[in-house]
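Asks: Taken in order, the sequence shown gives residues -28 to -1, 1 to 234; the numbers are from mature numbering (1 follows the signal peptide of the UniProt record, and there is no 0).
Any given hint might turn out to be false.
[To be verified] Here are the computed lysine-lysine pairs in the BS3-like style, where the Cα-Cα straight-line distance is at most 30 Å:
1. Lys95 <-> Lys132
2. Lys95 <-> Lys63
3. Lys133 <-> Lys147
4. Lys63 <-> Lys132
5. Lys133 <-> Lys166
6. Lys166 <-> Lys63
7. Lys166 <-> Lys153
8. Lys48 <-> Lys153
No lab work stands behind these hints: they were computed from the structure.
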Amino acid sequence: MALTRRKFCQMALATGAASWLVPRASVAAPTWVDQRQVGPFICQSAFPLVQHQELLAELPPLERELQRVLAVRPLKSPIYLYLLASEEQHKAYIAERYPQIPYRRALYVRQDDQSNIFAYYDKELPVDLRHECTHALLHGDLPMVPLWLDEGLAEYFEVKKEDRARKNPHLRPLKRDLAFKGIPYISELERHEKLEEMTARDYRHSWAWVHFMLHGPRAAHAELVMYLLDIRSNTVPGSLGERLARAVPNVQAHLIQHFRNL
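When you get a sec, could you build the whole thing from the sequences and use the hints?
Replies: Given below as structure tokens:
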């Protein structure tokens, strides 16, 4: 599905306008027991952060990695992290402040030009923070990002840097997809406009196309960067799938071979 100018403007407005997400006044605000700042990330936590300094230290390098790989510009304003002490506290906090939003274990909300991330103490916290911070870093620079690409990039960057090329948990099930069902072309993923429409398979295949563009042919990576630059300049970018097909002839076969070689 190519992005027309009307569709591009609608998506940009929907991405930037979270004015309908009006937070309610807090009845039982959590007690923030720790606060840290690392680079542009300001973190308030309902639990001590002394054991999580290594995780927080990963976040500024994540910003630099997006700058290096995707030409994302440095942030002009901070990203606020709100870390709750438990899943129960997190659910209550989100339900009270953002009742319109379907519950998620970690959440990125951009409101009034401020980027906010909400998560809670859990073994998956490192993955959650890297995932949501990727969203925040992208949307801090770009007026919109197509849903499938937004999620595919977040799935790619949510694992540790040393695991991104060959150790992402998506890789094994993706190889099963190759053996039995194949990987759909980007046009199928481009149809999704709401998170509720995205299945686990869609997340996996979005990650696969991102992995291919970042580790496959140079022309594919260059096309991704140019696509994001067009979005930044408010140029209607069209379909990334169609652009890739022109930049990398027989791109689907290249994608399949790319993962067979891993």
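Asks: Would you mind marking each hint as holding or not holding in the structure?
Replies: Now for the hints, and whether the structure bears them out:
1. As the CA atoms of Lys95 and Lys132 are separated by approximately 14 Å, the hinted pair is consistent with the 30 Å bound.
2. Restraint check: the Cα-Cα separation between Lys95 and Lys63 comes to about 17 Å, which is no more than 30 Å; the hinted pair holds.
3. The hinted pair formed by Lys133 and Lys147 meets the criterion: a straight-line CA distance of about 21 Å does not exceed 30 Å.
4. Distance restraint check for Lys63 and Lys132: the Cα-Cα separation of roughly 27 Å lies within the 30 Å cut-off, and the hinted pair is therefore satisfied.
5. Restraint check for Lys133 and Lys166: satisfied, since their Cα atoms lie roughly 28 Å apart, inside the 30 Å limit.
6. In summary, the hint linking Lys166 to Lys63 is supported, as the alpha carbons are separated by about 21 Å, within the 30 Å threshold.
7. Proximity of Lys166 to Lys153 is assessed by CA-CA distance (about 24 Å); at most 30 Å being required, the pair is judged to hold.
8. At most 30 Å may separate the alpha-carbon atoms for a hinted pair to count; Lys48 and Lys153 exceed this at roughly 44 Å.
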